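Q: So in UniProt numbering, spot 249 of the sequence shown is number 249, and the numbers just go up one at a time.
Just so you know, not all the hints are guaranteed correct.
[Stated by the list, open to error] Below are the EDC-like pairs computed for lysine to aspartate or glutamate, each with C-alpha atoms no more than 20 Å apart in a straight line: (1) K182 <-> D116; (2) K182 <-> E221; (3) K182 <-> D136; (4) K182 <-> E138; (5) K182 <-> E161; (6) K182 <-> E156; (7) K182 <-> D157.
No lab work stands behind these hints: they were computed from the structure. Quick caveat, the model's predicted, so the values are computed rather than measured.
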Amino acid sequence: MAGFCGRSPGLVDAPLLPHPGVTLVVEFGSGLLVVDDAAGRQQRGSLVAGLASGAVRMRGERIECVEARLSPLVARTVLGVPPVELDRGVLSLDDVWGAEAARIRERLNNAPSWEDRFALTEALLARRGETGPRTDPEVAAVWHRIVAGHGLVRIEDLAAETGWTRRRLWGRFRSQIGVPPKRAARLVRFNRAAQRLAAGLSATRVAAECGYADQSHLHREVLAFTTLTPTMLAGNPGAVANGVAWAGRTVGETA
Numbered sequence: 001m002a003g004f005c006g007r008s009p010g011l012v013d014a015p016l017l018p019h020p021g022v023t024l025v026v027e028f029g030s031g032l033l034v035v036d037d038a039a040g041r042q043q044r045g046s047l048v049a050g051l052a053s054g055a056v057r058m059r060g061e062r063i064e065c066v067e068a069r070l071s072p073l074v075a076r077t078v079l080g081v082p083p084v085e086l087d088r089g090v091l092s093l094d095d096v097w098g099a100e101a102a103r104i105r106e107r108l109n110n111a112p113s114w115e116d117r118f119a120l121t122e123a124l125l126a127r128r129g130e131t132g133p134r135t136d137p138e139v140a141a142v143w144h145r146i147v148a149g150h151g152l153v154r155i156e157d158l159a160a161e162t163g164w165t166r167r168r169l170w171g172r173f174r175s176q177i178g179v180p181p182k183r184a185a186r187l188v189r190f191n192r193a194a195q196r197l198a199a200g201l202s203a204t205r206v207a208a209e210c211g212y213a214d215q216s217h218l219h220r221e222v223l224a225f226t227t228l229t230p231t232m233l234a235g236n237p238g239a240v241a242n243g244v245a246w247a248g249r250t251v252g253e254t255a
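The whole structure should be built from the sequences, with the hints applied where relevant.
A: Right under this line is the structure:
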C-alpha cells in the first residue's frame, strides 16, 4: 500500500503504470482526484485498474488517497467483479462497490494517522476476501509459475502441467486473472525490469538480467507498456510502488 498526501500547495501528478496486479485507489478529503487512462478517457474519484488497463495517470491538487495493489489471485474475491471486466481500462470504485466506497472514504478521512488509514484499508480488504469466488487451483499454479520464473517461462508448457487443454487454460486464466498467460508473463518481466531501472541499474544490465534479447528489446517493451523510455522510467520515482522507488519522496507515505 502507498499513501498520497497532497495537502501542500501544488499538484500531485503520479503515474500508475501497468503492473502484474490489480490496483485499487481510494481518494478521500477535500481534493479531487482526476484519472486519465491509456485510451484518453478521464474520470474523477476512486478507481480500480486491472492488469490490462495500460498506463494511467493520477493527478489533482490537495488530494489524499490510499493505493493498494492486489494479487490477481484474490482480486476477484475482494472486488466482487471478475478481473476480465477490468480490461476496458479504469473503473470507478463507486461502480464496483456502490455505497461501501463512500463509507470507506469517510472512515479514511476521519482516521487520525496514516497508520490508521493503512490498518482500515487492510481490514476492509481482509473482510471482503473472506467470501466470494476462489481462483481455480490450476490457474493459481500457473500464475505462481509465471511469477517464480520472473515471466521467463514457456507458456506452451503450462497447459500440459495442469492437465488442461491449452484452450481451456487460456480461457479460465483470462477470466480469473484478467489477461492471457502470455500477457501476464510480459507484465511480470516488465515489472522486474522497472524495479531494477528504478534502483539505478543500467538499461544494458537490466535487459540481460531480465531476459530481453538486447537493450533495444527492453526499450521497445518499456515504450509499449508506458510510452516512456527506460531512462525516463528510471527517473520517475512513481513508476514502481515499492521501497526502492518511493525512497526519498517528499509527498506520500508507504506501508
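Q: Could you work out which earlier hints the structure fails to respect and list their numbers in ascending sequence?
A: 1
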